[in-house]
Amino acid sequence: MRDLTDRALSTASIRGASYADVRVVRRLEESIAIKTGRVEGVASGETEGFGIRVLVDGAWGFASSYRLEAAEVDRVAAEAVRIAHASATALRHRVQLDDRPPANGTYETPLVEDPFAVALETKIADLLAADRAAASVRGIGYTESAYGAQREWKTFASSDGSFTEQTITHVGAAVEANAIAGDEHQRRSYPDAGGGWSAGGYEVIRDLDLAGTAEGLAEEAVELLTAPQCPSGRFTVVLDPSQLYLQVHESCGHPTELDRVFGTEASYAGTSFLTTDKLDSGFRYGSDLIDIVADATAPNGMGTFGWDDEGVAAQAVPLIKEGIFVGYLSSRETAPRIGRRSGGAMRADGWNRIPLIRMTNVNLLPKPGMSLDEIVADTDDGLYLSSNRSWSIDDRRLNFQFATEVAREIKGGKLGRLYKNPTYTGITYEFWRSCDAVGDERSYKMLGTPNCGKGEPGQGGHVGHAVSGARFRNVQIGVGKW
Amino acid sequence: MTDRRDARAWLEVAQEAVRLATADGAGQAEALITADDAALTRFANSEIHQNVSETNVQLNLRYVVGRRVGVASTGRLDGNGLRAVAETAGRIARNVEENDEFQSLPEPGEPIGELSAAFATGTAEATPELRAEGARAVIAAADEVGVTAYGSFATTTEAIALANSLGIRAAGERTTSQLITVSMGPDGGTGYAEAAAVDATTIDAAGLGREAAGKARATANAVAIEPGEYPVVLEEYAVVDLLDMLGYLGFSALAVQEGRSFAEPGRRVGSDLVDIWDDGADPSGLPMAFDYEGVAKRRVSLIEHGVCRDVVYDSQTAARAGVRSTGHGLPAPNPYGPFPLNMFLGTGTTSRDDLIGGLDRGLLVTRFHYTNPVHPKLAIVTGMTRDGTFLVEGGRIVGPVKNLRYTQSYLEALAGIEAVGSERRCLRGFLGGVVTPAVRIASWTFTGGTEH
Chain A
1 MRDLTDRALS TASIRGASYA DVRVVRRLEE SIAIKTGRVE GVASGETEGF
51 GIRVLVDGAW GFASSYRLEA AEVDRVAAEA VRIAHASATA LRHRVQLDDR
101 PPANGTYETP LVEDPFAVAL ETKIADLLAA DRAAASVRGI GYTESAYGAQ
151 REWKTFASSD GSFTEQTITH VGAAVEANAI AGDEHQRRSY PDAGGGWSAG
201 GYEVIRDLDL AGTAEGLAEE AVELLTAPQC PSGRFTVVLD PSQLYLQVHE
251 SCGHPTELDR VFGTEASYAG TSFLTTDKLD SGFRYGSDLI DIVADATAPN
301 GMGTFGWDDE GVAAQAVPLI KEGIFVGYLS SRETAPRIGR RSGGAMRADG
351 WNRIPLIRMT NVNLLPKPGM SLDEIVADTD DGLYLSSNRS WSIDDRRLNF
401 QFATEVAREI KGGKLGRLYK NPTYTGITYE FWRSCDAVGD ERSYKMLGTP
451 NCGKGEPGQG GHVGHAVSGA RFRNVQIGVG KW
Chain B
1001 MTDRRDARAW LEVAQEAVRL ATADGAGQAE ALITADDAAL TRFANSEIHQ
1051 NVSETNVQLN LRYVVGRRVG VASTGRLDGN GLRAVAETAG RIARNVEEND
1101 EFQSLPEPGE PIGELSAAFA TGTAEATPEL RAEGARAVIA AADEVGVTAY
1151 GSFATTTEAI ALANSLGIRA AGERTTSQLI TVSMGPDGGT GYAEAAAVDA
1201 TTIDAAGLGR EAAGKARATA NAVAIEPGEY PVVLEEYAVV DLLDMLGYLG
1251 FSALAVQEGR SFAEPGRRVG SDLVDIWDDG ADPSGLPMAF DYEGVAKRRV
1301 SLIEHGVCRD VVYDSQTAAR AGVRSTGHGL PAPNPYGPFP LNMFLGTGTT
1351 SRDDLIGGLD RGLLVTRFHY TNPVHPKLAI VTGMTRDGTF LVEGGRIVGP
1401 VKNLRYTQSY LEALAGIEAV GSERRCLRGF LGGVVTPAVR IASWTFTGGT
1451 EH
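Sequence order for the protein chains is A and B. Under our numbering, the residue at position 476 of the first sequence is numbered 476, and the numbers go up by one with no gaps. Take any residue in the second sequence, count from 1 to its spot, add 1000: that is its number in our numbering.
Hints listed in this document are in silico derivations from the structure and should not be mistaken for laboratory results. In this text, a Cβ means the ideal position worked out from N, Cα and C, and glycines have one as well. Hints may contain errors.
Here are some of the chain B residues that sit facing chain A, going by a computed Cβ distance under 7 Å [to be verified]:
id : residue
1  : Ala-1044
2  : Val-1052
3  : Asn-1056
4  : Ser-1073
5  : Thr-1088
6  : Gly-1151
7  : Asn-1221
8  : Ile-1225
9  : Glu-1229
10 : His-1452
Quick list of the computed label-pair ranges, beta carbon to beta carbon [what the hints assert, rightly or not]:
id : chain 1 : residue 1 : chain 2 : residue 2 : range
11 : B       : Glu-1304  : A       : Glu-184   : 42 to 52 Å
12 : A       : Gly-216   : B       : Asp-1354  : 48 to 58 Å
13 : A       : Arg-442   : B       : Glu-1226  : 55 to 65 Å
14 : A       : Gly-182   : B       : Ala-1206  : 51 to 61 Å
Computed list of chain A residues with no C-beta within reach of chain B, every gap over 12 Å [as the list claims (entries may be wrong)]:
id : residue
15 : Glu-30
16 : Gly-45
17 : Pro-102
18 : Gly-105
19 : Glu-121
20 : Trp-351
21 : Gly-478
Could you put together the complete structure from these sequences and hints?
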C-alpha cells in the first residue's frame, strides 16, 4: 500500500502540488431487509479505490478512481492537479492549513464479535424472529426489519508526513411495525427507524433484543390507530433519547460545523446562525444544564476513530459549556480562520469523496441528579415524546419541526394515555434555553445515524449522539391541520 | 481493458458474470454494470472551493436459486473479481429463506430502442476548465450587482449494461449535467437558480447567475409576515418538491400494495389542470431508455386532468399485481420499490406575469428546503421556504418576506391548483429529472416563521 501512496504523493508533488494527501479505502457492506416475515433482500457489497487531494497555488483539486494500478495513480494525480489549476482561475483566498503534527499509527474499532464472521443464517434468523413477532400482532399491515454492517479499511498518507491505517466497523439493526386503517398510517420502530447504528460488533445487535421488543412495539402501532390526536398548544415536553438524539443532531451538530458557518455548504444544505462573532462572546445557546461535546473517542460511537481524514488525532471538543457556545466542529482549513487548530472532524464517505467537516459523536452530557424516570415523576403535566418520525429545519438551523411516532400524556408524574401524530416546533436557541432537566447516566446511551447527508456530490455520514433524555418547558405542540 | 464509455463493451462483461453465476449453480442470474465518470465544481463566497472527479464502476449481481435470491456487488471486474462476486451472491442465495413472492427475473419484452437524446458529447467531454468557466460566469453575474455567489456545476457520463439469464440485454450511455446557484446579498437577501440538461454546453450559466443575483437583490431586508393560509405561486424549483414527494409517497406500486399510497385509479386528487406522467423517452427531460432491471421504460400516466390513473411498477410489484413492469425498477436489492425517475407536469396557458397577477394577496415562493412527510397517507409535508419569498398584493410583487415554515397536504395543493404556467424547466429531482412549469395554488398552510 505504501508504494501506491508514495507514488500518488510524489506524482502530485512533481506536477506542482504544494500539499497532497491520498486515501485508499476498501469498504465491505452487508445488508438484510425483511418485510412482513419475508426475506426481501440480502446483499453483500465491496468497493475499493483511492482519492488524491491536492493544493496547487492555494486552490483545491481532487480526483479518484477504482483502479488501484500505478498508471492509474499517475493519471489521477495529474488530473487532481489539473482540476486544482482550474479552481485557481476562480480563487479569492489561498487555502492555508493548520500545522498539526504528522500522524502515524493504526486504529481498529474495538469489538467482541466480528459481524462479518457471524453466520448469515444466524443474522437472518435473529432479524426474522423480531420481524415475525411484530407481524404476528393483529392489525399490523406490514413490518420492515433491517440489518446492516460496514467495515472500512482506510489508509491515509499526506505530503507533510502522515501515514495511518484504520479499520472501522459499524453495525445496525431495527424493526418497524406499520398499522394502516383508512387514511391513518401509524408506525412504531425500535431502536430507530433509521437503523440504530453503532460502532462495534454483532454484540451490539444482540444487546438490542429486537425480538423481545417487537411485539409490544407492534401493539402500540395498532393502538395508535384509534388513539386521540395529540393536542395542540404550549406544553412541557420530555424527549426520550430516541428523539432527543436527532434534536441534538439537527439543532446542535449541524449549526456548529464551521464550514457551514463560512458558507461552503450554502448552495445545498445552507449555512448556520452560529456566526463566528458568537464564539467567545458568551452567546447563550441553552440553559445552564446544556453541555455538548464532540467526542471522537466515545465508546461505540459512529464518530469514533483514531484520526480524521486529514490525519488529525481523535479528540473531545467542547461545543457548548453550561449553556454557552464555546466551540465548532472544524478542519485544518477552517480552524486557523478563527485562531484555532483543527478539532479533527474531517471525514469522507468513501474513496471517491473529499473529506468534509462532519459531526463526530456530538453528545449531550448527562447531569447527575435525576434519572429519566425521575424527570417524568417530577413533571405534573406534559407530554413524553418518543421515536422520530419526521424532521425539518431551516437553512440556518433555527426553525425546526419534528414529528414523533408517539406521545404519552404525563399527569401527576405518571405516564398516561397515548396520543397519535405529535409534532413540535421551535427556534433552536429558545428551545435549548427552555431545558430544565437532563437525565443522568442511568439513561445515557449512544445512538446515531448512518445517513447524515451533506455535500455535493452527496455524501452520507455515520455520526454518533449519546444522550440521556431531557425536559423542555413551554414547547409549541401540534402544527398544521389534519 | 474495457472502454469505460462503451456500454456494449460492459454488456459483454455482464454476460460473462451471468455465465459464471449460472455455471456456479444459479437458476437465474442478472448482472447490472454502471460505469461513471462524474465531476463537480463547487463554488462559495464567489470562488471555487471544492472541485472533484470520480472514475468508478460497479457490478451488481442478482443470483437466484429457486425462490432464494442473493445480491452481491463489486468494483473488481476482472476474471477473479467476477468469480468472487458470483460465489458471494451464490452463498447468500443458498443461505436465505425462500421469498414466496419472488417469481422470476424479468423476461425480454418490448425491444429497447436507441435513445440518442440521452447522450451529449458536450457533457461527456466536459473538462474542469469548462466547469470553471461556468462557475466564473455565475460569479461575474453576482459581482455585477454586488452579491456573493455559491453553487455547483456537475457533469456525469454513465454507461449502463444489463444482462440476465432469461435473455435480457440492455446497454446505453447517458449524460446529465446540472448547474445550481444561490446568491447572497449584503442585506440578507438570497436568490436561487438551477438548470439540468443532457448537454452541459446548453446551460446558460451567466443567465442563471443573473437570475439568482437579481433575486438576492430583490429579497434584501425582508420583513416578517404572520403565518397562516395564503394563496401561492410556486416557481418551478418549488414544484419539483411536490412531484418528488408525491412520487415517493404515492406513485409507486409498492406504496399501493402496502396500503400507504393515496393513489387509486379513478380517484380525483387534483384540479382539472393537473396532468402528471413519467416518460423516460422524452428528450426534454433527462431521458433513460430502460430501468435497472433492463426493462424498457414505458410512458405512465400518473394523474390525468386531476384523476389518478396508474402507478409505476418494477418486476416484483408487477408480478404481484399480475401486470407487466413499466420499467421503473431500481438496482437490487430494493426494499423501496419502483420509482418514477422522469416526471413531467403538463404545462398550462398562463404566463408568469399572469400567475402572479392572479394573486389578490398571496406569496410567490421560489423553492422549498428540507421537506419531510408528517402524515404520509395524506401527503402532509413540512418544510421551509428559501431563497426568495415575496408578498404579492393586487397582482403585484410588493416586497420580500422572511422565510416561512409550512405544514401542507400536497394532495390538497394539487386540488387547489388554479393556474399552470405556460413555460417549463428541466430540473433535477430527488432521484431523476423533473420537467415542470410554475403553478398558482388557491391556498397553502404556513405554520411558522424564522429570523431570515
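Original post:
Going back to the hint list, which numbers does this structure go against?
Top reply: Numbers 7, 8, 9, 11, 13, 15, 16, 19, 20 and 21 - these are the hints that the structure violates, sorted from lowest upward.
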